[in-house]
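Novice: One-letter residues, chain by chain:
Number of protein chains: 2
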Amino acid sequence: LENGETKVFRKRFLDMHFYDQAQFYLSLDEAQRQKLYRVLNPHEMGDFFDTIEDDLPQMSDLLREMAPQYAADLLNDMFDDNAADILEHLPKEDVNRYLSLMSKPDAIELRKLLHYDTETAGGIMTTDFVSLSADLSVGQALAELKREAAEAETIYYVYLVDADQLLVGVITLRDLIVNDNHTKLADVMTVNVITTSVHDEQADVAQKIRDYNFIALPVVDDDQKLVGIITVDDAIEVIDDEASSDYSGLAGVDVDDVSENPFKSASKRLPWLITLLFLGMSTATLINHYESLLSEASILAVFISLITGTAGNAGTQSLAVAVRRLALGNDKKPRLFKLVFGEILTGVVTGVITGLTVMVIVGIWKQNLMLGLTIGLAMAAAITVANLAGSLIPMLMDKLGFDPAVASGPFITTLSDLTSVLIYFSIAQLFIRAFIG
Amino acid sequence: LENGETKVFRKRFLDMHFYDQAQFYLSLDEAQRQKLYRVLNPHEMGDFFDTIEDDLPQMSDLLREMAPQYAADLLNDMFDDNAADILEHLPKEDVNRYLSLMSKPDAIELRKLLHYDTETAGGIMTTDFVSLSADLSVGQALAELKREAAEAETIYYVYLVDADQLLVGVITLRDLIVNDNHTKLADVMTVNVITTSVHDEQADVAQKIRDYNFIALPVVDDDQKLVGIITVDDAIEVIDDEASSDYSGLAGVDVDDVSENPFKSASKRLPWLITLLFLGMSTATLINHYESLLSEASILAVFISLITGTAGNAGTQSLAVAVRRLALGNDKKPRLFKLVFGEILTGVVTGVITGLTVMVIVGIWKQNLMLGLTIGLAMAAAITVANLAGSLIPMLMDKLGFDPAVASGPFITTLSDLTSVLIYFSIAQLFIRAFIG
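Same order as they appear, the protein sequences are chains A and B. With the first sequence counted from 1, adding 3 to any position gets you the working numbering. With the second sequence counted from 1, adding 3 to any position gets you the working numbering.
Honestly, the hints are just simulated from the structure, not real lab data. Keep in mind the model is a prediction, meaning the values are calculated, not measured. Some hints could be false.
Intra- or inter-copy, both count: the list cannot distinguish identical chains.
[Claimed, not checked] Keeping only pairs whose Cα atoms sit at most 30 Å apart, straight-line, the calculated DSS-like set for lysine-lysine is:
1. LYS10 <-> LYS38
2. LYS95 <-> LYS107
3. LYS14 <-> LYS187
4. LYS149 <-> LYS187
5. LYS38 <-> LYS115
6. LYS271 <-> LYS95
7. LYS211 <-> LYS14
8. LYS149 <-> LYS14
9. LYS14 <-> LYS107
10. LYS271 <-> LYS402
11. LYS149 <-> LYS211
12. LYS211 <-> LYS38
13. LYS267 <-> LYS341
14. LYS107 <-> LYS369
15. LYS267 <-> LYS402
16. LYS228 <-> LYS14
17. LYS211 <-> LYS402
18. LYS211 <-> LYS267
19. LYS38 <-> LYS267
20. LYS271 <-> LYS341
21. LYS228 <-> LYS149
Taking the hints into account, I'd like the entire structure generated from these sequences.
Specialist: Okay, here's the thing in structure tokens:
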């Protein structure tokens, strides 16, 4: 494709969708990319850079292999939320170099965006939106849109502000098309505008966009001034990122980068495994402490993995439900007390029924009712405790301001191994005379 | 709000966003809802019914409490993908009753949609799109849009078809606004249209919409005729549903409905727990089989939970990665052989390093090098096998046409308990003379 026929290539390349352009670009080697930089201007590059994932590890290298001014122009041409996302992942000196090569107003705009916490509305919003005065007519607004269309990330929503930049209404391009040209915007705009604050968490923002089926959501600052918008494609990224982080948490491994080599995979999984190995060692130490009990009744060893395994499963279930509930946002959270009480009740019900089942099975299998009772009782108690740990630990972490998803599944199961073993041997010690009598 | 002042209420209610109207409606009791049915016409009800979740359990009751013709008109007024989604969850006689009360063409349209598999592009698409002839001018297209705006789910993309309904191009409303009225659509349309087939899986469709940042994606049938579109809000639902089902699978519990009572929660979790209890019983039986070994060296019991727990954690990690990789769609899947080889290597590396760690710890703790070696070896083998099970089982289920996410985390950990114990005692039996000598 790239053997000298620049014109043919340019036409073919620019006819592709931006996403396909980006995929093509990412498949090239450096020499080929250098050719591309000569053939395409920064504006044409910026168009498809908007579709590249911002946390691409090689992004910094890609920008460095371009002439600095070319890279700065490219970043400047991108929608500024995407440019800010890329800058966020670059070393500080690179950020300053590129910003210094941009025009003052653009650099100031980008610096402002970089200032917001990445996981808030301010961190994901773009300032490339269209805002007009509500005094205009539909025809004037359409003419204005025509002028601003090239710069704006979306022109499907037009935000109407007063002289102080306060948001007074919104009108969709659909409404503009449907109404007559001489109609005043103020007469047809929606005054009941759903907004979000720059400080709102990105997950809540994404949920709002999803609930209302919006294409974009306006962002206001503390003075209720319109400062940006968040578009639906950013909301999708957020929903996917949050789901992926909940999922990674539950598994105790970062699943985001799945196409890597086996040694890198192993190095990602090992830290958790080794950490939990030490927690598991305390369980081993605990069992060791009961060795005399075990040598007296080696039958007890038979049920260790049954009890720890089942309690671990129950703990994982309640952990998953708790993390999901916390992720759903504040308005859907029931009161703490009700939640705790509910979890205790769920744990007790699950524990008692599973305990009774195992009591009957063991009682029949070993023809030893007291042994069955011991195992059943230990199982019921272990499940109840594991359920509680699975639901209370993420809630506690959330209260303390940590991400509840870091209380991972493997952590809960390993912790529940410890409590289950403690419960099991305490109960066994109590009943040992009865079942080995 | 609702005490007789119908006019005031109507104005207030209709000023709210559809989503807020729906939330208000769902908060009413039946008597209040009956009042609402008298105050609002089916068209006004349909507007906000579009925002209600289609799998709401009480949907069937809500529709039954309306006059049948009113319910039919309401469904008819909704975007037809949403109406079809609701009908899918209703009993057959209700579906037929409502369809018979609609106009013939509308009923036929809906029946067609109901015919598609719910998890495919056909199952989530809407037929409420705008398609025009490419021979029109921009001005004519805008006039046409004005007429069709009320019916269409989105007018931001206009699809251009030939006489046979074959898709020849697409143009965005943005392009229409920017270009002059007398320009021919054929001269400014995008001819390289990204489409999806009615049979494509919904997850792949959502991924496409996400990659390309589309607001809507056209759906074509086997003859390449345009039959529907899928809008970005449906893509969000799909992405969220798929993430939620992967997550539920990993936890072995359906986390979708989190605001329920403790007894219902318990009844949802118990089937899995009890099923896995029986699988866990086979592990217990296996340990029981080795009871003579255990009574000879009760120290072996100390490390059962350490080995099963750590192997279970490793299995959960590789399960999560495998399920995620399968969810990413076909184009990103590396070749099967490479995958299996990669997973084996990851398993071996993780297993060997963890095994060495535990060997050293146990060797020092118990001042028994041979015991350390036994535990370390068992640990390394158990982790390797658990890793393989965690990655191969979901891949196998995918090949066999099952949803890989149903190979749940608890299932993998319980299965890995069994293999770990088998490995552990086999190795221990081999070395027993060496460490208790």
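Novice: With identical chains, the pair LYS228 and LYS149 could be close in the same copy or across copies; at 30 Å between alpha carbons, which is it: within, between, both, or neither?
Specialist: For LYS228 and LYS149, only the intra-copy Cα distance (24 Å) is at most 30 Å; the inter-copy one is 33 Å.
Novice: Go through the copies and call it for LYS211 and LYS38: within, between, both or neither, with a Cα cutoff of 30 Å.
Specialist: This pair counts as between: shortest inter-copy Cα distance 29 Å, intra-copy 44 Å.
Novice: 30 Å Cα cut-off: does LYS149 pair with LYS187 within a copy, between copies, both or neither?
Specialist: both (18 Å within a copy, 18 Å between copies)
Novice: With identical chains, the pair LYS211 and LYS267 could be close in the same copy or across copies; at 30 Å between alpha carbons, which is it: within, between, both, or neither?
Specialist: between (37 Å within a copy, 29 Å between copies)
Novice: Could you figure out if LYS267 and LYS402 sit no more than 30 Å apart (CA to CA) within one copy, between two copies, both or neither?
Specialist: between (34 Å within a copy, 26 Å between copies)
Novice: Should LYS14 paired with LYS107 be assigned to within, between, both, or neither, using CA atoms and 30 Å as the limit?
Specialist: neither (34 Å within a copy, 48 Å between copies)
Novice: Between LYS38 and LYS115, at a C-alpha cutoff of 30 Å, which is it: within one copy, between copies, both, or neither?
Specialist: neither (34 Å within a copy, 51 Å between copies)
Novice: Classify it for me, LYS211 with LYS14: is the Cα-Cα distance of at most 30 Å met within a copy, between copies, both or neither?
Specialist: Answer is between; shortest inter-copy Cα gap is 24 Å, intra-copy 40 Å.
Novice: Reference check for the pair LYS271 and LYS95, CA-CA at most 30 Å: within, between, both, or neither?
Specialist: Only inside one copy: LYS271 and LYS95 sit 26 Å apart there, 51 Å across copies, limit 30 Å.
Novice: With 30 Å as the alpha-carbon cut-off, assign the pair LYS149 and LYS211 to within, between, both or neither.
Specialist: Result: close both inside a copy and across copies, 29 Å intra and 29 Å inter.
Novice: When no copy is specified for LYS107 and LYS369, does a C-alpha distance of 30 Å or less occur within a copy, between copies, both, or neither?
Specialist: This pair counts as neither: shortest intra-copy Cα distance 82 Å, inter-copy 69 Å.
Novice: Cα distance capped at 30 Å. Does LYS149 pair with LYS14 within a copy, between copies, both, or neither?
Specialist: within (25 Å within a copy, 34 Å between copies)
Of the numbered hints listed earlier, those contradicted by the structure are 5, 9, 14 and 19.
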